[in-house]
Amino acid sequence: MNDFFMLIGFSEILIVILMQWEVYVTKIVKTFSVGSYIISVFLFYLSFVQHSYLVLALAILTAAIRGFFIPNFILRRLARDPWRERESKPTMGTAFSIIISLVIAIFAYVLYDMAMLNFVGILSGAIPIALVFQGAFLIMSRKNTFIQLIGYMVMENAAFLFTGYLFPDLPFTVEAGTVLDLIGIVMISGIIMRMRENSPKKSDGFDELRG
Amino acid sequence: MNLLYTLPMIASLIGALLCLVRIEKFEEVISIIVSSSTAIFSILILFLPNVSNSFLFLDGISKIMILIISFVYTMTVIFSTTFLKYIDEPLFQKRFYYLLLNLFAFSMFFSVSVNNLGLVWVGIEGTTVTSALLVAVENDESSIEATWRYIIIVSSGLVISFISNIFIYAATGTLDISKLLTTNSFSGLLSLGSMMAIIGYGTKAGIFPMHTWLPDVHGKAPAPVSAIFSSVLLPVALYAIIRIMQFTPALYVKNFTLVLGFLTVIIAASLMAVQTNYKRLFAYSTMENMGMALIGISLGGYAFVGVFVLIISHAFAKSSTFFLSGNLLSRYKTLKIDEVTGVAKRMPSTAYTLLFDAMAITGMPPFGTFFGELLIILVLLSILPIEWTLLLVGFLALAFISMNFKVGKMIFSESDGKKMDRKRVGTIVPIIGTLFSLATIFFIPFISKVIK
Chain B
1 MNDFFMLIGF SEILIVILMQ WEVYVTKIVK TFSVGSYIIS VFLFYLSFVQ
51 HSYLVLALAI LTAAIRGFFI PNFILRRLAR DPWRERESKP TMGTAFSIII
101 SLVIAIFAYV LYDMAMLNFV GILSGAIPIA LVFQGAFLIM SRKNTFIQLI
151 GYMVMENAAF LFTGYLFPDL PFTVEAGTVL DLIGIVMISG IIMRMRENSP
201 KKSDGFDELR G
Chain W
1 MNLLYTLPMI ASLIGALLCL VRIEKFEEVI SIIVSSSTAI FSILILFLPN
51 VSNSFLFLDG ISKIMILIIS FVYTMTVIFS TTFLKYIDEP LFQKRFYYLL
101 LNLFAFSMFF SVSVNNLGLV WVGIEGTTVT SALLVAVEND ESSIEATWRY
151 IIIVSSGLVI SFISNIFIYA ATGTLDISKL LTTNSFSGLL SLGSMMAIIG
201 YGTKAGIFPM HTWLPDVHGK APAPVSAIFS SVLLPVALYA IIRIMQFTPA
251 LYVKNFTLVL GFLTVIIAAS LMAVQTNYKR LFAYSTMENM GMALIGISLG
301 GYAFVGVFVL IISHAFAKSS TFFLSGNLLS RYKTLKIDEV TGVAKRMPST
351 AYTLLFDAMA ITGMPPFGTF FGELLIILVL LSILPIEWTL LLVGFLALAF
401 ISMNFKVGKM IFSESDGKKM DRKRVGTIVP IIGTLFSLAT IFFIPFISKV
451 IK
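These protein sequences, in sequence, are chains B and W. The working numbering applies: residue 1 is where the first sequence begins, and numbers increase by one. The working numbering applies: residue 1 is where the second sequence begins, and numbers increase by one.
The following block holds chain W by itself, in its conformation from the complex (with noise of 0.2 Å):
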C-alpha cells in the first residue's frame, strides 16, 4: 500500500535513469510516458487516505503539492520536444536535459513526500543540484553566470535553514514532521529556528530580501525550465515553509513571515512597472505570487485555502506564460518587450493565450488566482486595519497594471513589418495549463476539503 505513495518517485527515477539508453528519440518517448504516469500516480494518491510512518508523510497538503508537480511536470517535458530544437549549440546532449528534468521532478517529489524536516532540506538541496545545469542549458555566458549565481545564493541561504533545522531539533527532540505537529512544546529557540527557516527556505522560494537569483536565472533559463522553476521549485520551497508554520505557535513568527510577505509583493510589483524584458517582468510577478501565498501561510484559517488555490492556478498559468515566452523567443529572437510587436497578427493563437495568461497570473476573474488572493485579503482585513490591505491591494493593482499593458503592448502593437522565420511553435500545452488555471475555480470545495 505504501509503495503506491512513491509511484510518482519511483516513476521519476526510473525515467532518469532510462534516459541514458542511447536510442534515437528514446528520451523524448520516455519522459513523456512517466511523467505522464506520475499525473495519473498523482490523481490516484489524491483519494487515497493520508499516510504517515518512518519515510513518508503525506497529507492533503502533500497530495496536492504532488499532483502540482506532476502536470506541470509533464507539461514541462511534452513543451520540451518541440522548444529544445530551437536552442543553437545546446550545453549538452538532449538525453542529459531529459535526465536532469526527470532527476529535477523525482527531487521534488521527494521533498514533499518525506517525514522529516532534514530529508525536506536534502529533497530541496537536491532540486538545486539536478536544475542548476538546466539553467545554463543555452551554454552562453550569461546564462551561465546566473547559474552561478543561483548556486551560490541559494545554497548559502540553504545553509540557514538547514542551522534551523539544528535548532528545531535542539528545541523539539525531532525532525520527524508528523512528531511536529503534534508536539506541544513552545520555545524561544523553535521559533529562532523556525524564523531562520523562513529565510533559508524563503530564498529558494524568491522571498524578499533573498530573491536576487530568482529574476537572473528566470531571464536566462531556457523557457520549460523557467516554466517549471516558476510554477512548482518555488512552492515547493513554499511548502517547507507551511510545514514550520503549522508547528510554530509564536504570533511573531506569524508577523515577521506576515511582514516578509508584505515586502516580497511590495517590492515586486514596484519592479514589474519597471521592467523592459518579458521573462524578467514574468519572473517578478512569480515572486509577488509567493509573497501572497507567504501572506496567506502567515495568516492561516480561510487564507490557507486561498494559497493553495493561489499556488494551484499560478502553476498551471504561470507556466503557460514561460512556455509562451519561448514561443515569442524562437519567432522574434529578442527578449525586449520593446521590440516583440504585433503578436496578434504573427502569432494568433500564442497571443491571446498570452493575453489570458497574463490576466490569471495578475489575479484577475474568474480565473482561480482572483480567488485566492480573496481569499487571503478578507482574511488579511479581519486581522489588520484596513490601511494595511488597501496598501497592498494598491500594489497588487500596480502588478496588474503593468503586467497587461507590457503584454497587451506586445500583443496589440502594430507590426514592424520585418520578416521573422516561422517556426513551428508548441501553443497545445500553454492553452491546456491556461484552461486547468480557469477550472481551479471549481475545485475551490475540493482543495479545501483535501488540505483540512
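Just chain B, with the same shape it has in the complex (with noise of 0.2 Å):
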C-alpha cells in the first residue's frame, strides 16, 4: 500500500515539475486534470483495500470535479478567448523553475523530516507537503490567473491526498464540504479572470496595491 501510495505521490510531483515546463494553459489545464485523475484512482483503489463506501464516494468526487468539471470549465474559459491560451511572460524562466521546483521538494522533504516526521510518524508523509510547496511556487512563479488557480488547486490536491492516505475516516461532511468550496472558488475566479482581462473601467491605483 505504502509503496502504491509513493509511486501515486512521485507521479503527482513529477506532474507538477511537468507543468512548470509548459508555458500553454491548456496543456497545463490538462496535465493537473490527469494529476487529478491519478489520485481518483488511488482513492478508489484504496476504497477496495479499506471497504469504504465513503473513501469510494470520495474517489468519485475527485474524479468528478478536480478531473472533470474544473479542468471542462477552465478549457472553455480559455476557448472564448484563445489569445490567452499561452503565458507571453513568466516571472522566471523555464529552466530556472524546473531547477527550482527540484530544489523544492528536496527542502520539503528535509523540512518534513526534521519538524514534522517524529509527530506524524509516516515517511511518505514528505511527499504531500512537497505537492503543497509546489503548488505554492507555481502560484508564485507565474502571472497567468488560470495557472495560478492551477497552482492553488495542486495544493489542495495535495492535502486531499495527504487526507485519503493519512486519514480516510476523517468525516465525509467536511470533505465533502471543501470539494463545494473548490467549486465556489473555481466559479468565482472564473468570473474574477473574465473581469480581469476585459475590465472596462481603467486605474492608475495598481501601486497602491503592494500588500
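According to the in silico footprint, chain B covers these stretches of chain W (three or more CB under 8 Å from chain B):
1. 119-126
2. 132-142
3. 147-157
4. 162-174
5. 187-198
Hints listed in this document are in silico derivations from the structure and should not be mistaken for laboratory results. Think of the CB as a built atom: it goes at the ideal place given N, C-alpha and C, for glycine as much as any other residue.
Make the complex out of the two chains shown on their own, each in a separate frame, by following the hints.
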C-alpha cells in the first residue's frame, strides 16, 4: 500500500514539474486533470482495500469535480479567448523554475524529516508536503490567473492526497464541504479572470497594491 | 429549541434568496428586514443556555460573535442603501450585491455556530467565495486585481489550515469542537496542527506574515464592504484560532502565537506611520488591533476578556470609520490623505464622528478598545519582562500618533477652496456605531460573564 502511495505521490510531483515546463495554459490544465484522475484512482484502490464506501464516494467526487468539471470549466473559458492560451511573460525562465521545483522537493523532504516526521510518524508524508510547496511555487512563478488557480488546486490536491492516505476516516461532510468550496472558488475565479481581462474602467491605482 | 440558535443563519439565507425577486428596491427592504431580525435574534440567543449537539456548538464566545456579526451586518446593509448610489457602473445589479452580502453574513454565522472544526473551515472558505465579488463592485482594473489577490492568497493560506485539521483529527480522533474542548490528549502532532492552523486562519485574519492581501482589499473595496471585512470577517477567522488555542495546552504554541501577535502589531504600526492613503491607513489599524487580539488569545485569563472587549468595540468603531471613508471618497474623489482638506468645514458630522472613531480604533479612553488593550497589557506585564511590554506600548503609541495626526490633518486643515458636489451621505449609521463602541465599556462585566 505504501509503495502504491509513493508511486502516486512521485507521479504527482512529476506532473507539477511538467506543468512548470509548459507555457501553454491548456496543456497545464490537462496535465492537472490527469493528476486529479491519478489521485482518484488511488482513492478507488484505497476504498477497495479498506472496504469504505465513503472513500469510494470521495474517489468519485475527485474524478468528477477535480478531474472533469474544473478542467473543463477552465478549458471552456480559454476557448472563448484563444489568445490567452499561452503565457507570454512568466516570472522566471522554464529551466530555472524546474531547478527551483527540484530544490523545493528536496527542501520539503528535509523540512518534513526535521520538523514533522516525529509527530506524523509516516515517512511518505513528505510527498504531500512537497506538493503543497510545489503548488505555492506555481502560483508565485506565473502571472497567468488560470495557472495560479491551477497552482492553488495542486495545493488542494496535495491536502486531499494526504487525507485519503493517512486519515481516510475524516468525516465525509468535511471532505464534501471542501469539494463544494472548491467549486465555489473556481466559479468565482472564472468570473474574476474574465473581468480581469475585460475590465471596462482603467485604473491608475496599481501602485497601491503592494501588500 | 435548537431552531432558535439557527435563526440568524436561516434569516440571512432567506434574505439572500429573496434578493432574486425582481421588484424595485425590494432587495434593499428585505435585506434591512432580515439583517435587523438577525440582530434581534442574536440578543435573544445571548440569553439562551449554551448548546452543544452534533451540528451546533454555541457557548458565550459564539454568542458574542453572532452578536457582533449581526449588528455590523445590519449597519452595513443600511449604509449600503445610501452608498451604492455613488458607484458609477457597478459590477452587477444592486440585487446581486445584497444577495452576496446576505450570503456572506450567512457563511459567517455558520462558521461561528457549527460544532466541527472541518465545517468551521468550510464556512470560512465560504466567506471567501461569497465576499470576493463584493470587493470588485467598483469594477475597475485595480479593484479586480485586489480581488484576485484576495482569492489566491487567502485560499492558499486556508489550504494550510485544512492540513492542520487533518493533523488535529489524527492526534485526537475528532474534529467536534465540544469533544476537543474536553479532550486531554496532548501530542506533538496536535501542537503542529495547531500552529499550522494559526498560520492558515491567520492569513484570513490579517496576521503577519500572511497579511498582504488585507491593505490591498480594504483599500480597493467599496466602503461598506471594507467595513464588514474589517469589523467581523477578520474576527471570524480569529474565532477559529480562539477555538484551537482553547484545546492546545502546549506552551510553545502559545509562545508562537504571542510572537506572531507581537510582530503583527509592530509591522502594522510601522506601516501606519508611512501611509498616504486613508483607507490603507485604516486597514493597517485593523491589522494592529488583530495583532493585539492575538496576543490576548495567547495569554488567556483576563486578557481573554480583553480580547472580546477589544473585538466588540473595534468592530463598531472600525465599521463606522470605513463608512465615513466612503463619505469622504464620495465627496473628495480621492483616497490620498494630503488631498483631503478642511473636512470639518465641509462635512462637520462626518469630520467629528471620524475624529472620535480614530480615537476609538487606536485605543483611547473611554472607548472599549482602551480597556480591552489595557487588560491584555496588564496580563502581558505579569508574564513577560517589562521591556517587552514597553516595546509593545511604544508601537501602540506610534499607531495612535500616526492615525490621529493624519485624521486630524484631514479634518482640521484649511480647505483648498475647490468646489465639490454636495452629495447626500450617510452619517447616522456611523454615529450609532461610534456610540456602540463607546457603550461597550458598560458591558465589560457582562462580556466577562458570558465568555466564562
